[in-house]
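S.K.: The residues making up each chain are set out below.
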Amino acid sequence: MTLERVDGDALDGDGPLPGPVAGEPLPSRADLVSEAAPSRAARGLRTTVYDVYTTVLQTGIGGGLLLGASGSLRSALQAGLSSTGDGPGLVARTSGVLTSAGLAVAAVLVLLGALCRIGPVSLGTAPTAWWTPLPVERRDLLRPVLRQRAVVSAVVGAVVCGWAGSIAVGASPGLGTGGFLSALGGGAALGAALGLGGYALVTRPAVRAGTRAVVRTGAVLDALALAVVVALAASALVGLAVDAVAPSALVVPAVVAVVLAVVALVTAGAASWRDVGDTSAVSLRSGAARLGRLTSSVLQADVRELGRALAADATGRRRRRRGASRVPWASGPATAVWSADWLLLRRQPRRFLTAAAFALVPLVVAAGTGAPRGVLALLLWLAGYWAATTLSEPARSMALVPAAARALPVSQTRLPLLRLVPVAALMALWGAIAVPLAATTSGLVHGETTGTAWWAWALLGAFAGPGWAAAALRGALRPDPDLSRPSVATAMGSLPPGAIAAVSTGPDLAVLVTVPVLLAVLSRGAPPLLVQGQVLASAVAVALGWWYAAHRARKLS
Amino acid sequence: MSQKQPKQPAAKQTPPKQTGAKQSPPKQTGAKQSPPKQTGAKQAGAARARRRSGPALLELDALTVGYTKSPVCAPVTVAVGAGEAVCLVGANGAGKSTVLRAVAGLLEPLGGEVRLRGEVVDERTVEFRRQVACVFDEDAWFAELSVAEHLELVARGHGVRDVVAVVDAELAAQRLAEHADELPTALSSGQRRRLLLAAALVRPRALLLLDEPEQRLDPTGRDTLLERLKAERDAGTAMLLATHDTVLLRGLADRAVVIDDDVCRVVDAEEAARLVTEPVAGP
Chain F
1 MTLERVDGDA LDGDGPLPGP VAGEPLPSRA DLVSEAAPSR AARGLRTTVY
51 DVYTTVLQTG IGGGLLLGAS GSLRSALQAG LSSTGDGPGL VARTSGVLTS
101 AGLAVAAVLV LLGALCRIGP VSLGTAPTAW WTPLPVERRD LLRPVLRQRA
151 VVSAVVGAVV CGWAGSIAVG ASPGLGTGGF LSALGGGAAL GAALGLGGYA
201 LVTRPAVRAG TRAVVRTGAV LDALALAVVV ALAASALVGL AVDAVAPSAL
251 VVPAVVAVVL AVVALVTAGA ASWRDVGDTS AVSLRSGAAR LGRLTSSVLQ
301 ADVRELGRAL AADATGRRRR RRGASRVPWA SGPATAVWSA DWLLLRRQPR
351 RFLTAAAFAL VPLVVAAGTG APRGVLALLL WLAGYWAATT LSEPARSMAL
401 VPAAARALPV SQTRLPLLRL VPVAALMALW GAIAVPLAAT TSGLVHGETT
451 GTAWWAWALL GAFAGPGWAA AALRGALRPD PDLSRPSVAT AMGSLPPGAI
501 AAVSTGPDLA VLVTVPVLLA VLSRGAPPLL VQGQVLASAV AVALGWWYAA
551 HRARKLS
Chain X
1 MSQKQPKQPA AKQTPPKQTG AKQSPPKQTG AKQSPPKQTG AKQAGAARAR
51 RRSGPALLEL DALTVGYTKS PVCAPVTVAV GAGEAVCLVG ANGAGKSTVL
101 RAVAGLLEPL GGEVRLRGEV VDERTVEFRR QVACVFDEDA WFAELSVAEH
151 LELVARGHGV RDVVAVVDAE LAAQRLAEHA DELPTALSSG QRRRLLLAAA
201 LVRPRALLLL DEPEQRLDPT GRDTLLERLK AERDAGTAML LATHDTVLLR
251 GLADRAVVID DDVCRVVDAE EAARLVTEPV AGP
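Protein sequences appear in the order of chains F and X. Numbered by our numbering, the letters in the first sequence go through residues 1 to 557 in order. Numbered by our numbering, the letters in the second sequence go through residues 1 to 283 in order.
Keep in mind the hints are simulated off the structure, nothing from the lab. Since this is a predicted model, take the numbers as computed values, not measurements. Only true hints are included.
Some but not every residue of chain X turned toward chain F, in silico, with C-beta under 10 Å: (1) 158; (2) 164; (3) 167.
Using 25 Å as the maximum straight-line C-alpha spacing, the simulated DMTMM-like pairs for lysine to aspartate or glutamate come out as follows: (4) X:69 x F:482; (5) X:69 x F:480; (6) X:230 x X:138.
Beta carbons: idealized from backbone N, C-alpha and C, even for Gly.
Build out the structure end to end from the sequences listed, making use of the hints.
M.R.: This is how it looks when you write it as structure tokens:
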């Protein structure tokens, strides 16, 4: 068979390889797909109707849930603000608007950081494999992706900031519909500008540099988000009281912010667009691999893998001095396990930062919004579990490669306990700091009397910490959804069987651990009886978490 | 890299575990602390024969393996003594790896028993993990640890003394010294295979389970593998390995088990090598 060029000239074996003809423009992606697209896009009426129906239904349900949650939160905040006088908190409250805006900005930064790590200009795995070797003009190839992700970034920013604005300002008593809509619109506009500008900024390293630069940019965005949370917490802790900001006062800062964001957007966007044609194939492939990992984890409802995909780090060499010991402190099976876990955490320092941020969130929310005590307990439950989860990454990674742990002379029963000990110690410290801080800013600390003193709350948190660590260990080894059986149709889309059980394994144990904390928050004190209850709850959680991990590890083998 | 490091004679590439372990498994210590001198094949063979005269280290007694209650091959019965290498041979899909996984305690047998030093194996116990080193076709790395750190951690976990020297020697033997500070995921598939072997050889062991260890190795790597495994066997380590490689069979195996649907029979190494090279009948 004779190979022919598209222009009909036969190729002989000694001739040059086919390529773009000098002087002729590169074919565009649109030209190349013009014939293939109609056949691929052939969809029956039934499929189209079903897709539209599913999209409308899911959007409606999601929007309804969001609005319902907003209304409940707003009412709770109004109740909290109106009752701020009954709690003599040691720290003055900051502005709810400031807090909500800060948390919204932090959330957008975290999302942008995640987008950065995924690869802001990456194609899917199959398009990358297909298009990258072809002589297609790269800017033309990437235009649809850039357009799509810019829109998604703007929409996500608008939703997050608009939601936060509507809750924070909308909770102010006596606010009319106009003021509420202004807050909603202003927040959304700010969020959209932030999302769009941020996307243009994170696109730049993906275009100009390699994977490491992209990961570094993601780390910078994470650090910025943490800095926002720390600043909010610091303002609360030093007693920086900011009077409630009237919606009208937001106009000037909002205009300035939007102008700055637009300038940043135009500048960064123009620079990125200028260079996008030079995006390297390596960068595209790397982004495609990450995107593929992310997509498959979402399809499988595998939140552990999703977390790994979103938190993927750059790989590199570990420089060591020749002849020097790399892990000199390990001198037996137990210390070898602890060394492996410690090295993993030390090389992912953002895990410590994330745990610290989770410790500050209840404090910030309590100080900024006067959140009701039920919300505070809910936040402590979530923050405690997530902080423990982020510190339990060694156990989560070992669930993927159980053979590595089998290389050490440690029994399957003892191994989970060894894994649990350092995380439990860290979480005891975390609880001893986070719980009394949140209690303080909620006005639950009253001098030195038993049950309401700072140290009583610290004791409660310290005993809750190991329980949260055990819950995270249980969550690290939870079963994956069963993908061998047909999906289950739910109102929120198709889910693999066991998805709900998989997601709830871990948080369920954290609920048990948080019950004494909840009772203490609701009863405005941590008497010795509740502290004893906390010890018992955490002991039960540790036993259950340990048993579950030892049992599950057998199946994972 | 290999040009910088002069190739050592096989006898000098004896595994660095001989530097001593704090908790050497019984029976293994004596043999390994005084490795037989390579004065001749006959002497080595005679030494192995003496060691094999003792009780079997590993016994497979009518072991039936499979998935979803369906056996993949006929029951396997064989005993492996210290200083003895037994190969599992058979066509692709015959069940060699499944047998090895059952021996390693990773798969519940459908019937029969696997005994290590007379006790039914339980992979979860510290005794099993201390004595048995596995090289299977799966990556097994501690996350975020470099090649050298991984080896050092495994060695320290097993109480090996003079760890740095041991690890460096093993890295040199496996031609991984230049990659010591890289993450295992950055290595090629053949280099990762050599790292798996290094991780098994850097620690004390009484029994080595290897699933087609020659896979993905270059010719030099295969030569090194053969010499290292011969040294292991001569030093008293029992070995059960699945392989298709006739060089490994002829150079290493004392016996072989032919895994088949009808009957699993024990043959000598030469017969096994002949069977491996025979064309497999089509369906």
